[in-house]
Amino acid sequence: MIQTIRLAGELDLSRKRELRDAFALSSDARAVLLDLSEVLYADSTALTELLRFCAMAQTANAPIAIVIAAPQFLRLVQYAGLATAFKIFHERGEALRYLSERTGN
Amino acid sequence: MPSRIHAPLIGSLAFLAVVIGVLVVGGLWVQSTVTSSFREAESIGTARLLIEDVLRRQLDEETGVRGYAVDRRAALLQPYYEARAALPATMRRATGVLENLSLQSAPAALEDAAATNRRWLQQVAFPLLNSRAARPALQFRGKKLVDRVRADIASIETSLAGRESRGRRRAQQAIAWVDLFAIGAISAFLAAVLLFAVQQYRLGLRLEEERTKAEEQRRRSAEDRAAYVAEKRIADTLQEAFVQNVLPSPAMLRLGAAYLPASEEAKVGGDWYDAIELPGDRVLLAIGDVTGHGIEAAVTMNRTRQLLITCALIDPSPGPVLERVNNELMRNESPMVTAIAALVDSRDCAFAYASAGHPPAVLLEPGKRARFLEVGSLPLGVLPNAGYQTHRVRSMPGALLVLYTDGAIEHSRDVVQGEELLLAAIESAAHAAHSDLAAAICSRVFADRQAADDVAILTLRFADGARGSAPTFARGSQMTVAGR
Chain A
0 MIQTIRLAGE LDLSRKRELR DAFALSSDAR AVLLDLSEVL YADSTALTEL
50 LRFCAMAQTA NAPIAIVIAA PQFLRLVQYA GLATAFKIFH ERGEALRYLS
100 ERTGN
Chain B
0 MPSRIHAPLI GSLAFLAVVI GVLVVGGLWV QSTVTSSFRE AESIGTARLL
50 IEDVLRRQLD EETGVRGYAV DRRAALLQPY YEARAALPAT MRRATGVLEN
100 LSLQSAPAAL EDAAATNRRW LQQVAFPLLN SRAARPALQF RGKKLVDRVR
150 ADIASIETSL AGRESRGRRR AQQAIAWVDL FAIGAISAFL AAVLLFAVQQ
200 YRLGLRLEEE RTKAEEQRRR SAEDRAAYVA EKRIADTLQE AFVQNVLPSP
250 AMLRLGAAYL PASEEAKVGG DWYDAIELPG DRVLLAIGDV TGHGIEAAVT
300 MNRTRQLLIT CALIDPSPGP VLERVNNELM RNESPMVTAI AALVDSRDCA
350 FAYASAGHPP AVLLEPGKRA RFLEVGSLPL GVLPNAGYQT HRVRSMPGAL
400 LVLYTDGAIE HSRDVVQGEE LLLAAIESAA HAAHSDLAAA ICSRVFADRQ
450 AADDVAILTL RFADGARGSA PTFARGSQMT VAGR
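Here the protein sequences come in this chain order: A and B. Residue 0 is where the first sequence starts when you use numbering that gives the first Met the number 0, and the numbers rise one by one after that. Residue 0 is where the second sequence starts when you use numbering that gives the first Met the number 0, and the numbers rise one by one after that.
These are computed hints drawn from the structure, not numbers from a lab. Source: prediction; values computed, not measured. Do not rely on the hints blindly, as some may be mistaken.
What the hints assert, rightly or not - What follows is a set of in silico ranges between Cβ atoms, one per label pair, in the way DEER data are often shown:
hint, chain 1, residue 1, chain 2, residue 2, range
1, B, Arg346, A, Glu9, 43 to 53 Å
2, B, Asp347, A, Arg5, 19 to 29 Å
3, B, Ala190, A, Ala23, 51 to 61 Å
To be verified - Pulled from the structure, derived: some chain B residues nowhere near chain A, Cβ distances all over 12 Å:
hint, residue
4, Val17
5, Gln103
6, Glu110
7, Val145
8, Arg149
9, Ala196
10, Glu222
11, Ser248
12, Arg346
13, Ala355
14, Gln416
Said to hold, decoys possible - Partial list, derived from the structure: chain B residues whose beta carbon lies under 7 Å from chain A:
hint, residue
15, Met335
16, Leu377
17, Ser411
18, Arg412
19, Asp413
From the three backbone atoms N, C-alpha and C, an ideal C-beta is built for every residue, glycine too.
Just chain B, same shape as in the assembly:
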């Protein structure tokens, strides 16, 4: 499970990586903001120097002209000429810087200052220099133009100052973000560590829980296994007590039986059969199946067997026997039991039977096809005071009566197919004149399939009238089902 153990670490690292990414982007943003603010401040400084220079040159021009107008000394015009020569270049540079700063009104103001300066030169400076008189009106005009230039410069300075303070504020904000980032980074790191610790802890708990659960399961399955083995041994013992059952050998009858345990061990259940000799050349046959498996089924099976025998000793008539057994079973909570009781009279080849929810018996008479006998009423242990009808059958010497439990026909879920297979197996085994008919039927039915449930088969053969010669049965390659 290495991936699960590393999961918390991967989660924390991913979280940290996201946080670091955000921090890096934020840092780059702060850096570029601060750098551009510095660069802007530098440009603003340069613009100020140039603007001041423009103003100074304008003053130089003006004072030169004014001085010359007063005493006509050529030396006084020296600054005027210098300024006039330098001013256009200074103006151009200042315009460039202001445009780079992309201040809205400043380039226009500088343009206006340059135009005003040119007007001053043409309308005031040149006339004054060429005139011999004082011309006070011109001088007043000159003052107004110079004031306008100063106002322009002042407005440029105001917008520069505005831009400067805005830039400073932006830089300060960006720097303030650095604090936030630092706090964020520390918190994120702590959160990642915490996250890792919590997930690690929870993973630990879960692994511990799983370990406990797995241990619990192991323990429980070991207990279950032990309980199962114990129950199985008891159930097997009870079942064996029946399997070792030795059948009687009454005169004029031949009894045979087979028991095939379920292929699956756990399914060993409560199938049984019995044959008891009664006075007057009579034999009581019984076969039954307790629903369910295990000890309860095995115990119920033994109880039902004893009840059947006891009741038969009072009155062997099959219907009343089943009625008494049912009422006894109904006195206690009991699994459902299906059974057939048959009372056979060996002297005149007749028998009477009653069925309680059991699959129908099969009768095969010489010269005829095998057929199912009529079914009976409800299983034992279902309805109090249930009635069971006694069916009487007069048969013939050599006839074969086969009783079986449902495992013999319910190997698949299609019982109709199971019935056909059983009839065919009975006919085939009878034709082959096997000495052990029950085993022969069983091996035919389960020749190419496994028994999903226990199978018990009990056969009874009336002695053949011809004494010793094998009875003849109808032969048919195609199987047909009689009696339905």
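The following block holds chain A by itself, in its conformation from the complex:
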């Protein structure tokens, strides 16, 4: 099963609880699609949650694909080194294709 997490807007401290809830790896997830195409900003708290979640998925051997569209948000995740450690796509279709190949569906 491909677990899909979708977030939008500006991710900051005020949405910490929502982020905690969103970034929970499902036990039957064989791959994770992180759709952040409508995210414009993330503060360090949100980035921490995001990175910890990606690290958790990687430790669990679940391939992860991240969709990012906003250039200013892409810049932030590039700083955070996310682009070197995980696959980042500009649109959802590519991300899904990548995950399908990886999970052999």
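Following the hints, position chain B against chain A.
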């Protein structure tokens, strides 16, 4: 809060007013019912007297005529004449009264009695008075007519009696309601008093609860404030230990640094920088930022600083340094840390660096525009055994390397705009040939805005080949961002 205190009283009074209104309307209804019953009883009495009078007059007529028929004495006709004279008026009055009582069959019965009386006069009384004989047949006829009048009167009396008993029952019922009203009024009054008492009690409880809550809140905020002040003092002390950091002055290099605390006190966090001289004319630069604020951030910052220095003493190669620090941090639960470690070789103007989730360093070389260097991998404290690549850069005399923390570009949520502003500030400060470049960059970036987060800036200048003369940088009125 006077309105809230009066609320129970107003509620009770409103309830009482409604009850009193109902009682007044009910009382008026009882009064009018009883009064009309009395008035009706009076009319019924009058009607009875008149009816009896009609019957008596009819009898007077009949006995007069009958007596005269027996012995022909004129004196015996006296009552007959009186009755005959009075009867029409009595009839009229009786009819009026009965019609006022609006009894259904009674006026018709009286009409019938009057008609029968007239028939009796014409068919029996006048022939008998004018005849000399006894005429028994006529007398029998007269008896039948008189019986009919009596039956009429009896039926009127029956309907009067019916009306009378109905009226009495209605009056009794109305009076019975008075008892109910009295009981209702007393209960309503008691209920209103009870309602008032209960609401007053509950209001009291609520006010008490609010007072307790407010006190609790005051106490807690005082405690929070005290805890906050204590934590702030500790965090400030830890942060100051770093701010007082004195940079080394290695040959062929000029180091500079600036630290700008967040405009908001509570946000003082874990930004730091370090510069350590190593054997072989090498200098290790480090800059970093611990996510979060307060004691935990300050403690993690100091721990990471010590780890970095210790690891650099084993092997100063930036990638392996960050890898070791990361693995040390991963052994314990720790906040995320972003950092850049750079190993500078002052003799051949070259440096190597590795970045862990940190905003990219800026390089400004003489005759060129300022540009961002390549970014690195994940922050420290996220992924166990994360790898960090070492990037090598060969630069030139007079080049300026600027390391900074995210506060320098994240003054708004648009980091792209923040980057452009920083590049412009670096170029401008370099062109102005400031002796304290870090402070000049800082004051340019925050000339017309406040620092929302801490800002640390570390600058390194390779000595100019021309010895003493200021290096020349490309000048441009329009800012462009290189390296992207």
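Hint-by-hint comparison with the structure:
1. Taking the beta carbon of each, Arg346 (chain B) and Glu9 (chain A) are about 47 Å apart, inside 43 to 53 Å as hinted.
2. Take Asp347 (chain B) and Arg5 (chain A): their Cβ atoms lie about 51 Å apart, and the range 19 to 29 Å is violated.
3. Checked against the given bound of 51 to 61 Å, the beta carbons of Ala190 (chain B) and Ala23 (chain A), roughly 56 Å apart, stay inside it.
4. Even its closest Cβ contact with chain A, about 50 Å, leaves Val17 (chain B) beyond 12 Å, as expected for a residue assigned away from the interface.
5. At the 12 Å boundary, the C-beta of Gln103 (chain B) stays outside the reach of chain A, the nearest C-beta of that chain being 84 Å off.
6. Annotated as non-interface, Glu110 (chain B) keeps its C-beta farther than 12 Å from every C-beta of chain A; the closest such distance is 96 Å.
7. No beta-carbon of chain A comes within 12 Å of the beta-carbon of Val145 (chain B); the shortest separation is about 108 Å.
8. In this structure Arg149 (chain B) is separated from chain A by more than 12 Å, as the shortest Cβ-Cβ distance comes to about 102 Å.
9. Every Cβ of chain A is farther than 12 Å from the Cβ of Ala196 (chain B); the closest lies at roughly 45 Å, confirming the non-interface assignment.
10. Distance check for Glu222 (chain B) against chain A: the nearest CB is about 23 Å away, which clears 12 Å, and the non-interface claim stands.
11. Consistency note on Ser248 (chain B): stated as away from chain A, and its beta-carbon is indeed over 12 Å from all of that chain's, at 31 Å minimum.
12. The non-interface label for Arg346 (chain B) is consistent with chain A: the shortest C-beta to C-beta separation is roughly 31 Å, beyond 12 Å.
13. Listed as a non-interface residue, Ala355 (chain B) fails to keep its Cβ farther than 12 Å from every Cβ of chain A; the least gap is roughly 7 Å.
14. Some Cβ of chain A comes within 12 Å of the Cβ of Gln416 (chain B); the nearest lies about 8 Å off, and the non-interface call is violated.
15. Below 7 Å, beta-carbon pairs count as interface contacts, and Met335 (chain B) has one with chain A at about 5 Å; its hint therefore holds.
16. At about 4 Å, the closest approach between the beta carbon of Leu377 (chain B) and any beta carbon in chain A falls short of 7 Å, and the interface hint on this residue holds.
17. Interface hint status for Ser411 (chain B): violated, as the beta-carbon distance to the closest one in chain A is roughly 10 Å, over 7 Å.
18. Annotation: Arg412 (chain B) was flagged as interfacial toward chain A, and the flag holds, the nearest CB pair being 4 Å apart, inside 7 Å.
19. Below 7 Å, beta-carbon pairs count as interface contacts, and Asp413 (chain B) has one with chain A at about 5 Å; its hint therefore holds.
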